[in-house]
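Visitor: Per this note's numbering, the very first residue in the sequence shown carries number 1; after that it's consecutive.
Note that these hints are calculated values from the structure, not bench results. Yeah, the Cβ is synthetic: ideal placement off N, Cα and C, and Gly gets one too.
Simulated restraints, written as ranges between beta carbons of each label pair:
hint, residue 1, residue 2, range
1, K50, K179, 24 to 30 Å
2, P200, T69, 44 to 50 Å
3, R115, D95, 19 to 25 Å
4, W153, E71, 19 to 25 Å
5, S136, E186, 39 to 45 Å
6, E137, G49, 31 to 37 Å
7, K124, E100, 20 to 26 Å
8, G49, D201, 29 to 35 Å
9, W153, K50, 23 to 29 Å
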Amino acid sequence: MRKLILLPALLALLVSCGGGGEKPFTESKNAAVCVWDNVSLKGTPEEAGKWLSAISVGETVLYLKETATDETGKKPVNYIKVRLKDSKEGWVQSDFVILESRPAAIIDQTPIYSRPDLLNKTDKFFGQMDIVAVKSESNGFIEVAGKRTEGKWIETAWIKDQAVTYADVDIAVAKFAKKALEIKDEPNKIKALNEITDNPDLKESIFISRLIVDDEVIVEEQVEETIEEGNEAETE
1 MRKLILLPAL LALLVSCGGG GEKPFTESKN AAVCVWDNVS LKGTPEEAGK WLSAISVGET
61 VLYLKETATD ETGKKPVNYI KVRLKDSKEG WVQSDFVILE SRPAAIIDQT PIYSRPDLLN
121 KTDKFFGQMD IVAVKSESNG FIEVAGKRTE GKWIETAWIK DQAVTYADVD IAVAKFAKKA
181 LEIKDEPNKI KALNEITDNP DLKESIFISR LIVDDEVIVE EQVEETIEEG NEAETE
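Using the sequences and the hints given, assemble the complete structure.
Guide: This is the structure in structure tokens:
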């Protein structure tokens, strides 16, 4: 059996969404963050609307200040009109995007607070590499919205402000790594993780050092499995 080792975090100064040039989405008051993966962008605000594109979890879109409600189904569904970074415009279900926010990734498992106060700690946590939208700040806390690793739906909560990284590269690695780590087939999981760690565009992420496969452990375990299989064959 192959083993994956997630190394302890080596935390240093964390850069925000770095790089130069204009950032019309993240700096705009109309910026909105998608907190669900593969959300459909549609040509019209309805379930039967033409599919235009998929929006990634952690992706920032521009809210165009138009809303609509689809009442053709069993219950009303609210939509907002948004623009993607490639200038494509369309409608998305409002439940999946958080207005006036910025994307971030959870650095390590962090406790949730019901209010921005140390006295209000709950028994819930956001997990490492969960992607959230940061809505506001208060007293060393940030208000975030997103799906927890152990959660079933989008939640809004308070966490400590040092618990997240805003770097684009960290958010990207968080998305890809979370998917890779969910793969049950071990060889395919390792292959997916290697594709992430070998990608030069992602090498600066603080999460890369945690996605390391220990080859020595793999070899040792393979030898042990071979010996055990041999012993079982002799017994039979």
